[in-house]
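> Here is how the chains run, residue by residue.
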Amino acid sequence: MNNFTYTRAHSITEALQHSGSTGTRFIAGGTNLLDLMKYDLTHPTGLVDINPVTSCHNIEATPQGGLYLGALATNAATAYHPLVEAHYPLLSKAILAGASAQIRNMATNGGNLLQRTRCYYFYDAAAPCNKREPGTGCAAIPGYNRIMAILGTSEHCIAVFPSDMCVALAALEATVLINGQHGERQIPFAEFHRLPGDHPEKDNVLADDEMITGIVLPAEGFKDHYSYLKLRDRNSYAFALVAVATGLALEDGLIRTARIALGGVAHKPWRIPEAENFLQGKIPDRKNFAAAADLLLKGARGYGHNDFKIELAKRAIIRNCMMALDPATQLPGAQPSL
Amino acid sequence: MSQIITLTRPDKQTTKGSQSVPVTLRINQQPVTVTILPWVSLLDLLRETLQLTGTKKGCDHGQCGACTVLCDGKRILSCLTLAVMKEGADITTIEGIADGEALHPLQQAFIDHDAFQCGYCTPGQICSALGMIAEGKAKTRAEVKELMSGNLCRCGANTNIINAIMQTMEEGNHE
Numbered sequence: 026m027n028n029f030t031y032t033r034a035h036s037i038t039e040a041l042q043h044s045g046s047t048g049t050r051f052i053a054g055g056t057n058l059l060d061l062m063k064y065d066l067t068h069p070t071g072l073v074d075i076n077p078v079t080s081c082h083n084i085e086a087t088p089q090g091g092l093y094l095g096a097l098a099t100n101a102a103t104a105y106h107p108l109v110e111a112h113y114p115l116l117s118k119a120i121l122a123g124a125s126a127q128i129r130n131m132a133t134n135g136g137n138l139l140q141r142t143r144c145y146y147f148y149d150a151a152a153p154c155n156k157r158e159p160g161t162g163c164a165a166i167p168g169y170n171r172i173m174a175i176l177g178t179s180e181h182c183i184a185v186f187p188s189d190m191c192v193a194l195a196a197l198e199a200t201v202l203i204n205g206q207h208g209e210r211q212i213p214f215a216e217f218h219r220l221p222g223d224h225p226e227k228d229n230v231l232a233d234d235e236m237i238t239g240i241v242l243p244a245e246g247f248k249d250h251y252s253y254l255k256l257r258d259r260n261s262y263a264f265a266l267v268a269v270a271t272g273l274a275l276e277d278g279l280i281r282t283a284r285i286a287l288g289g290v291a292h293k294p295w296r297i298p299e300a301e302n303f304l305q306g307k308i309p310d311r312k313n314f315a316a317a318a319d320l321l322l323k324g325a326r327g328y329g330h331n332d333f334k335i336e337l338a339k340r341a342i343i344r345n346c347m348m349a350l351d352p353a354t355q356l357p358g359a360q361p362s363l
Numbered sequence: 521m522s523q524i525i526t527l528t529r530p531d532k533q534t535t536k537g538s539q540s541v542p543v544t545l546r547i548n549q550q551p552v553t554v555t556i557l558p559w560v561s562l563l564d565l566l567r568e569t570l571q572l573t574g575t576k577k578g579c580d581h582g583q584c585g586a587c588t589v590l591c592d593g594k595r596i597l598s599c600l601t602l603a604v605m606k607e608g609a610d611i612t613t614i615e616g617i618a619d620g621e622a623l624h625p626l627q628q629a630f631i632d633h634d635a636f637q638c639g640y641c642t643p644g645q646i647c648s649a650l651g652m653i654a655e656g657k658a659k660t661r662a663e664v665k666e667l668m669s670g671n672l673c674r675c676g677a678n679t680n681i682i683n684a685i686m687q688t689m690e691e692g693n694h695e
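Chains C and W, in that order, are what the protein sequence lines are. Mapping of the first sequence onto the working numbering: position 226 corresponds to residue 251, and the numbering continues sequentially without gaps. Mapping of the second sequence onto the working numbering: position 112 corresponds to residue 632, and the numbering continues sequentially without gaps.
Bear in mind the hints are in silico, worked out from the structure with no lab data behind them. Using N, Cα and C, we set each Cβ at its ideal position, and we do this for glycine too. Any given hint could turn out to be false.
[What the hints assert, rightly or not] Here are the simulated distance ranges between beta carbons: (1) C/H330 with W/C675: 29 to 37 Å; (2) C/L66 with W/Q539: 21 to 29 Å; (3) C/V241 with W/R661: 36 to 44 Å; (4) C/R219 with W/G639: 41 to 49 Å; (5) C/L220 with W/E655: 33 to 41 Å; (6) W/G639 with C/R259: 20 to 28 Å; (7) W/Q628 with C/Q206: 41 to 49 Å; (8) C/R259 with W/Q549: 36 to 44 Å; (9) W/E655 with C/A263: 20 to 28 Å; (10) C/E158 with W/R661: 41 to 49 Å.
Construct the entire structure; sequences and hints are all you get.
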């Protein structure tokens, strides 16, 4: 780890005074940033500790019937919050499927959105990587790409975004609250993370002088019919090969609203409105979920070692949508049932 | 136990340079004040500066759980924590678990169940399990296994570790 200066910010205003200067980074939970610094992959010259910003630690109901999640509330505090457990169990399940209990006690909601990919080649300073060092090439495309993306890739990057929490936030259509030197703005969750395109070094649309202050969930939490399924090489404490978040609202035995988001398959949580619209008014059965899965996976391509993910994702979508009809079928850690 | 340790000796972690930051925290109920460089992890502060070597450095990357300590009662990874970020925090390490010479019931359960072989993961396992029990979320064996997955044991004592934790939870004598 390189040397750096350390400053504490006690308010958003104070934090933003430090933002935007070259080499300065905010630190909250630090679980990803310090890891990257220890691997010598990122070299901030100054860290601004934003944990003392007390206004961003709350979780509270909004006047519109939704829920505000402070950017600095921990993942564990969010997953176990009574309002999240009661109204947004999909979010709770997704958070608890990620990382370990220790990391969830440290990692913050804002930091979860901003974590970097766990692509092996991004993490290997000796390998070329357009995300780490733009213009050097992508070692994953011709390399061992078993964990890489099958959707929304570019010739420059096939890394996946590793968050579980964000897959649920995408399905729930959360809003990201942002504050910067030029004022505040709100971004629909679907527009926060980017596809790699020609600039895989940019994971999201947050500007250098901005910080996430919170996340707002809308009133609809799909608390009666939801499921999060995570498939991975070991049953706990591993990143997803494929993850699926499903929220269904049923009316008279038919689907009124469907939300399906995928993790582990793209540079951002993957949603296709056509697939969700297709399910509207349909019977919630295997056949319709299979058709929706085909729409979600349209255009999917494998890179050799990860070809299996296309069929795995299709089956995971169908299975998870069936599980959403009876949420009691879920196991701890979003593990697949036997 | 009210003695205040003030460390200002210039070793590699506590050099009195312009970049050093004063930090006051409580470690195993003892107030500690150090002037420390910002890039020193809580783990290195414990082990290298305070000579509390019960907390172990395994991977130093948040993957193994050997460095788990309790911070304000919650289990965290001391390797992914900067010591300077813990101003005012209350830290409990494995050295602070027993009551004098009397082992904590969970420590005794680890012995009774043969829950370690090399012992390197044990301090982290015990601190993590104490944090988990305090969280009160794990009721079943499956839930305990899931919520202890951040602590790896490479000797293969996992089954016995879970047995020791289950017994301690069932007996309810873990306060």
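> Hint by hint, note whether the structure agrees.
These are the hints, each one checked on the structure:
no., hint, result
1, C/H330 with W/C675: 29 to 37 Å, "holds (32 Å)"
2, C/L66 with W/Q539: 21 to 29 Å, "holds (22 Å)"
3, C/V241 with W/R661: 36 to 44 Å, "holds (38 Å)"
4, C/R219 with W/G639: 41 to 49 Å, "holds (46 Å)"
5, C/L220 with W/E655: 33 to 41 Å, "holds (37 Å)"
6, W/G639 with C/R259: 20 to 28 Å, "holds (24 Å)"
7, W/Q628 with C/Q206: 41 to 49 Å, "violated (57 Å)"
8, C/R259 with W/Q549: 36 to 44 Å, "holds (37 Å)"
9, W/E655 with C/A263: 20 to 28 Å, "holds (21 Å)"
10, C/E158 with W/R661: 41 to 49 Å, "holds (47 Å)"
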